[in-house]
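First to last, the protein sequences are chains R and W.
So the first sequence is residues 1 to 303, counted in our numbering.
So the second sequence is residues 1 to 274, counted in our numbering.
These are calculated hints, taken from the structure and not from any lab test.
None of the values given here were measured: they were computed from a predicted structure.
The C-beta atom is built at its ideal place from N, Cα and C for all residues, glycine as well.
Some clues are possibly wrong.
[Said to hold, decoys possible] Computed footprint of chain R on chain W; a stretch qualifies when at least three of its residues, placed anywhere within it, have a C-beta under 8 Å from a C-beta of chain R:
(1) 44-57
(2) 111-118
(3) 252-263
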Amino acid sequence: MKRLVDRLSARYESSPGEWLLALALIAPAAIVFAVFQFYPLGRAAYLSLHETSPFGGGDIYVGLDQWRRVLDDEDFHKSLWVTAKFVLIVVPLGIVLGLFLAHLANQRVRGIVVFRTIFSSTLASSVAIAAVTWTLLLNPQNGIFNWLIREAGGTPISWLTDPQWALFAVGLTSVWIGIGFTTIVLLAALQGLPEELYESAQMDGAGRLRIFFRITLPLLSPSLLFVAVVSTISALQTFGQIDVLTRGGPLGETRVMVYAIYEDAFRFRDVGGASVQSLLLFAIIAMLTALQFWAVRGRVYYR
Amino acid sequence: MTGRAFRLLGTYGLLLFGSAIVLGPVYLAVINALLPSGEVASYPPNVLPKGFGIGSFGDAWDTVPMGRYLVNSFIMATGITVLQVATSVLAGYALACMRFPGRTLIFVLFIGSLMVPWEVSIVPNFQTVRSFGWLDSYQGLIVPFAATGLGIFLLRQQFMTIPSELRDAAAMDGYGHLRFLWSVGIPLARPAIGSLAVFSFLSAWNQYLWPLLVTNNDDYRTVQIGLALLSRGEIDRVNVVMAGTIIALLPTLILLLVFQRQLVRGLTAGAVKG
Numbered sequence: 001m002k003r004l005v006d007r008l009s010a011r012y013e014s015s016p017g018e019w020l021l022a023l024a025l026i027a028p029a030a031i032v033f034a035v036f037q038f039y040p041l042g043r044a045a046y047l048s049l050h051e052t053s054p055f056g057g058g059d060i061y062v063g064l065d066q067w068r069r070v071l072d073d074e075d076f077h078k079s080l081w082v083t084a085k086f087v088l089i090v091v092p093l094g095i096v097l098g099l100f101l102a103h104l105a106n107q108r109v110r111g112i113v114v115f116r117t118i119f120s121s122t123l124a125s126s127v128a129i130a131a132v133t134w135t136l137l138l139n140p141q142n143g144i145f146n147w148l149i150r151e152a153g154g155t156p157i158s159w160l161t162d163p164q165w166a167l168f169a170v171g172l173t174s175v176w177i178g179i180g181f182t183t184i185v186l187l188a189a190l191q192g193l194p195e196e197l198y199e200s201a202q203m204d205g206a207g208r209l210r211i212f213f214r215i216t217l218p219l220l221s222p223s224l225l226f227v228a229v230v231s232t233i234s235a236l237q238t239f240g241q242i243d244v245l246t247r248g249g250p251l252g253e254t255r256v257m258v259y260a261i262y263e264d265a266f267r268f269r270d271v272g273g274a275s276v277q278s279l280l281l282f283a284i285i286a287m288l289t290a291l292q293f294w295a296v297r298g299r300v301y302y303r
Numbered sequence: 001m002t003g004r005a006f007r008l009l010g011t012y013g014l015l016l017f018g019s020a021i022v023l024g025p026v027y028l029a030v031i032n033a034l035l036p037s038g039e040v041a042s043y044p045p046n047v048l049p050k051g052f053g054i055g056s057f058g059d060a061w062d063t064v065p066m067g068r069y070l071v072n073s074f075i076m077a078t079g080i081t082v083l084q085v086a087t088s089v090l091a092g093y094a095l096a097c098m099r100f101p102g103r104t105l106i107f108v109l110f111i112g113s114l115m116v117p118w119e120v121s122i123v124p125n126f127q128t129v130r131s132f133g134w135l136d137s138y139q140g141l142i143v144p145f146a147a148t149g150l151g152i153f154l155l156r157q158q159f160m161t162i163p164s165e166l167r168d169a170a171a172m173d174g175y176g177h178l179r180f181l182w183s184v185g186i187p188l189a190r191p192a193i194g195s196l197a198v199f200s201f202l203s204a205w206n207q208y209l210w211p212l213l214v215t216n217n218d219d220y221r222t223v224q225i226g227l228a229l230l231s232r233g234e235i236d237r238v239n240v241v242m243a244g245t246i247i248a249l250l251p252t253l254i255l256l257l258v259f260q261r262q263l264v265r266g267l268t269a270g271a272v273k274g
């Protein structure tokens, strides 16, 4: 034992006293992570394999029964599909809008700092604030969207109660919340692009659009990938907007995965089924996070 | 010359258009909050301010215990921020400047915590907090968020930039790790700590799912949950609901305007530096 300590001390050029201090400094964070991040994963795995009674009493081991039940459940299939559609609405729209605003914020004109502040301001808004504010815009009677549609001679839309539109309406709210983050990250990326390239492209007589598509976009692709992955992860975690605007309705058309987990666990007391869905969502998000780390590494290499 | 002027005009036009998209919803919330009660829900919708009735703010304040909610949110967000900064500084320093067995493994585990999104752990964490007797308490709102992988990463990167000669010289002068951290490390890391603090406070203030789960009465409810309740309960009084929205938004909006630089640096640190 003493020899092992001596060997480790020599290898780390430090003493056991320093190890103890280091462990003491790490302990608070380690305990929080252990209790509230890692233990829950194990606990969720346990709950997914056991039937628990909400009224107490022992847990019964049921093997993969609850996994099979969830994987065969039509409500689960629907929430997967709704979540996928939600990502496909929010992420592309958010990136196009963010790119547009970041490009604008990158212009060198007087007062641009004010516009940069404005574009990043949705960062201050919470999902609850955004959702409540958007009830104003989406109101079927006197909301601004339906007013514009009526003025243009169209048929007004019941944004939040029409199964065809509800998910899109909630998606618009989410895109709006995300503008601040997307714009800031893409603006930082634009500002980091080498100036000389643009000067030489202009000397060669390339037009603005050509420069944007041939030079800016390719150079920006690592940042775009980063933003895409982060927005996808945050879209997969969506809950607040749904709870305020639609509560998963109409007909489950906005019942995204996190809302389904919440409802199953806390309203229908199906802790096992909710745990299965949690673990599946974890698997999806973990893969995306790995992709994000890989994307960031790609960028560092690139720079 | 006129070509340039036209282009400049176009740029400003587009900038204003972008601003309208971003600020439009908030602008509508403000003018609706200022509407006198008789004017709410009129058609066509009000797009210009009509009167200046600040009575709705008082109504929002009285309809639900808005003051209590704000205090609760403030206590929660401050508690989370202080604890996140403290745990990140201590762990970040140990991981960057001290040598001990298992350091790499611990670092990987801490970063790995970023891969576990909060939403997937709500069921077990709810059970844990309930078993601690922490439902409807500040501990229940704060302690689960006392550490953050992102903050530890940020501070570790910052402390890694301290040249080892500096540490060696301090050691010669008899500085232990703790004194070195306090008198050299923390002052050097101040910008990173600032970014982390602003980011932590903003995210904590804006939380929704967890406070919804662990609070059931007004004594501990946060302003986000209170706002959702207000909007559900007062569907017919749009001006009151929008006044509540602005009350809930103001603290973070001020924070953002004052500390914009810190926040932008924090957000882009992960993206650009890697």
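Each hint, compared with the structure:
Under a criterion of three residues with beta carbons nearer than 8 Å to beta carbons of chain R, the stated coverage of the region 44-57 of chain W is upheld, 3 such residues being counted. Figure legend: the region 111-118 of chain W, annotated as covered by chain R; annotation consistent (6 residues with Cβ-Cβ distances under 8 Å, at least 3 required). For the region 252-263 of chain W, the stated coverage by chain R is satisfied: 7 residues place a CB nearer than 8 Å to a CB of that chain, which reaches the threshold of 3.
In this structure, every one of the numbered hints holds.
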